[in-house]
Amino acid sequence: GAGVSQSPSNKVTEKGKDVELRCDPISGHTALYWYRQRLGQGLEFLIYFQGNSAPDKSGLPSDRFSAERTGESVSTLTIQRTQQEDSAVYLCASSLSSGNQPQHFGDGTRLSIL
Amino acid sequence: DAKTTQPNSMESNEEEPVHLPCNHSTISGTDYIHWYRQLPSQGPEYVIHGLTSNVNNRMASLAIAEDRKSSTLILHRATLRDAAVYYCILRNTGKLIFGQGTTLQVKP
Numbered sequence: 130g131a132g133v134s135q136s137p138s139n140k141v142t143e144k145g146k147d148v149e150l151r152c153d154p155i156s157g158h159t160a161l162y163w164y165r166q167r168l169g170q171g172l173e174f175l176i177y178f179q180g181n182s183a184p185d186k187s188g189l190p191s192d193r194f195s196a197e198r199t200g201e202s203v204s205t206l207t208i209q210r211t212q213q214e215d216s217a218v219y220l221c222a223s224s225l226s227s228g229n230q231p232q233h234f235g236d237g238t239r240l241s242i243l
Numbered sequence: 109d110a111k112t113t114q115p116n117s118m119e120s121n122e123e124e125p126v127h128l129p130c131n132h133s134t135i136s137g138t139d140y141i142h143w144y145r146q147l148p149s150q151g152p153e154y155v156i157h158g159l160t161s162n163v164n165n166r167m168a169s170l171a172i173a174e175d176r177k178s179s180t181l182i183l184h185r186a187t188l189r190d191a192a193v194y195y196c197i198l199r200n201t202g203k204l205i206f207g208q209g210t211t212l213q214v215k216p
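From first to last, the protein sequence lines are chains A and B.
With the numbering used here applied, the first sequence corresponds to residues 130 to 243, in that order.
With the numbering used here applied, the second sequence corresponds to residues 109 to 216, in that order.
Hints listed in this document are in silico derivations from the structure and should not be mistaken for laboratory results.
Please note: incorrect hints may appear among the correct ones.
[What the hints assert, rightly or not] Listed next, with one range per pair, are the computed distances between beta-carbon atoms:
{"id": "1", "chain 1": "A", "residue 1": "171", "chain 2": "B", "residue 2": "125", "range": "22 to 28 Å"}
{"id": "2", "chain 1": "B", "residue 1": "122", "chain 2": "A", "residue 2": "137", "range": "32 to 38 Å"}
{"id": "3", "chain 1": "A", "residue 1": "203", "chain 2": "B", "residue 2": "182", "range": "34 to 40 Å"}
{"id": "4", "chain 1": "A", "residue 1": "156", "chain 2": "B", "residue 2": "160", "range": "28 to 34 Å"}
{"id": "5", "chain 1": "B", "residue 1": "147", "chain 2": "A", "residue 2": "156", "range": "22 to 28 Å"}
{"id": "6", "chain 1": "B", "residue 1": "180", "chain 2": "A", "residue 2": "210", "range": "43 to 49 Å"}
{"id": "7", "chain 1": "A", "residue 1": "197", "chain 2": "B", "residue 2": "125", "range": "41 to 47 Å"}
{"id": "8", "chain 1": "B", "residue 1": "123", "chain 2": "A", "residue 2": "203", "range": "42 to 48 Å"}
{"id": "9", "chain 1": "B", "residue 1": "188", "chain 2": "A", "residue 2": "203", "range": "32 to 38 Å"}
{"id": "10", "chain 1": "A", "residue 1": "147", "chain 2": "B", "residue 2": "125", "range": "47 to 53 Å"}
{"id": "11", "chain 1": "B", "residue 1": "137", "chain 2": "A", "residue 2": "226", "range": "17 to 23 Å"}
{"id": "12", "chain 1": "B", "residue 1": "173", "chain 2": "A", "residue 2": "171", "range": "21 to 27 Å"}
{"id": "13", "chain 1": "B", "residue 1": "137", "chain 2": "A", "residue 2": "207", "range": "34 to 40 Å"}
{"id": "14", "chain 1": "B", "residue 1": "127", "chain 2": "A", "residue 2": "226", "range": "29 to 35 Å"}
[What the hints assert, rightly or not] Computed far set for chain A versus chain B, every beta-carbon distance over 10 Å:
{"id": "15", "residue": "131"}
{"id": "16", "residue": "136"}
{"id": "17", "residue": "141"}
{"id": "18", "residue": "144"}
{"id": "19", "residue": "148"}
{"id": "20", "residue": "153"}
{"id": "21", "residue": "189"}
{"id": "22", "residue": "195"}
{"id": "23", "residue": "199"}
{"id": "24", "residue": "205"}
{"id": "25", "residue": "216"}
{"id": "26", "residue": "241"}
{"id": "27", "residue": "242"}
We put the CB at the ideal spot given by N, CA and C, even for glycine.
Can you make the complete structure from the sequences, with help from the hints?
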């Protein structure tokens, strides 16, 4: 079946612009996660959604970052007034629930801020 | 979140078993031990997880020490496609907290 789909796969933008990254989770997965991976580093947790519960936003690095999810479907991660330090691969994952179910990752969006 | 310690890198020969260690001396009773791996230019991939008992699946085996302060991921026959960064993660909530992992090189 279809896995987690992220778009765009690559995004280059100028410093100060806003960007929106999209994630389509696996159908039926109630939990959705966003992570960031800077070049040569491990993944950093950003935010996760579980059903209709309030999202866990504890990993968002600043108020320039926000995310939304409509029901149990698509999610968008928005970065306002981008800075060069926002350059990274942004990865989305989904799972059947937020317990110990395995997370299934997309291949990420590579964001480059000029 | 409790921390894990893994070697930065390991090498293996193709078709030989590989034992990837992980120390987690501050693990709590509700923490599950999860392993993910990340191949170059891809998102992470789930490998296996367990709580107290050893676990086997089609990809690997997980051996958990009796005191749960360490665990070992076992790849029974390494292939070149197993070259990746392997992450050992303690999890008791939804999110995963990744460390630096172990970079596994597999030599032909």
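Going down the list of hints, with the structure as the test:
For residue 171 of chain A paired with residue 125 of chain B, a C-beta distance near 26 Å keeps the hint of 22 to 28 Å intact. Between residue 122 of chain B and residue 137 of chain A the Cβ separation comes to about 36 Å, which falls inside the hinted range of 32 to 38 Å. For residue 203 of chain A and residue 182 of chain B, the Cβ-Cβ distance of about 38 Å falls inside the hinted range of 34 to 40 Å, so the restraint holds. With their beta carbons about 33 Å apart, residue 156 of chain A and residue 160 of chain B fall inside the hinted range of 28 to 34 Å.
Against the hinted window of 22 to 28 Å, the Cβ-Cβ separation of residue 147 of chain B and residue 156 of chain A comes to about 25 Å, which satisfies the hint. The beta-carbon spacing between residue 180 of chain B and residue 210 of chain A, approximately 46 Å, falls within the hinted interval of 43 to 49 Å. Range check, residue 197 of chain A to residue 125 of chain B: Cβ separation about 46 Å, and the 41 to 47 Å hint holds. Range check, residue 123 of chain B to residue 203 of chain A: Cβ separation about 43 Å, and the 42 to 48 Å hint holds.
As the Cβ distance of residue 188 of chain B to residue 203 of chain A is approximately 36 Å, the hint placing it in 32 to 38 Å holds. Restraint check, residue 147 of chain A to residue 125 of chain B: a C-beta distance of roughly 50 Å satisfies the suggested window 47 to 53 Å. Checked against the given bound of 17 to 23 Å, the beta carbons of residue 137 of chain B and residue 226 of chain A, roughly 21 Å apart, stay inside it. For residue 173 of chain B and residue 171 of chain A, the hinted distance range of 21 to 27 Å is satisfied, since their beta carbons lie about 24 Å from each other.
The hinted window of 34 to 40 Å between residue 137 of chain B and residue 207 of chain A holds, with their beta carbons roughly 39 Å apart. For the hinted restraint 29 to 35 Å between residue 127 of chain B and residue 226 of chain A, the CB-CB distance of approximately 31 Å keeps it satisfied. The claim that residue 131 of chain A is not at the interface with chain B holds, since no C-beta of that chain comes within 10 Å of its own (minimum 14 Å). With a minimum CB-CB distance of about 14 Å to chain B, residue 136 of chain A clears the 10 Å threshold, and the non-interface call stands.
The claim that residue 141 of chain A is not at the interface with chain B holds, since no C-beta of that chain comes within 10 Å of its own (minimum 17 Å). Once the 10 Å rule is applied to beta carbons, residue 144 of chain A is consistent with being away from chain B; the minimum gap is 25 Å. Every CB of chain B is more than 10 Å from the CB of residue 148 of chain A (nearest about 19 Å), matching its label as outside the interface. With 10 Å as the threshold on Cβ separation, the claim that residue 153 of chain A sits away from chain B holds: the shortest Cβ distance comes to roughly 14 Å.
Against chain B, the non-interface label of residue 189 of chain A holds: every CB pair exceeds 10 Å, the least being about 12 Å. Non-interface call for residue 195 of chain A relative to chain B: holds, since the shortest CB-CB distance, roughly 17 Å, exceeds 10 Å. Separation of residue 199 of chain A from chain B is adequate, the least Cβ-Cβ distance of about 19 Å exceeding the 10 Å criterion. No beta-carbon of chain B is positioned within 10 Å of the beta-carbon of residue 205 of chain A; the least distance is around 18 Å.
With a closest Cβ-Cβ approach of about 16 Å to chain B, residue 216 of chain A is found to remain outside the 10 Å limit, as its non-interface label requires. At roughly 15 Å from the closest C-beta of chain B, the C-beta of residue 241 of chain A stays outside 10 Å, upholding its exclusion from the interface. Residue 242 of chain A, annotated as away from the interface, keeps every beta carbon of chain B farther than 10 Å; the closest lies near 20 Å.
The structure shown violates none of the earlier numbered hints.
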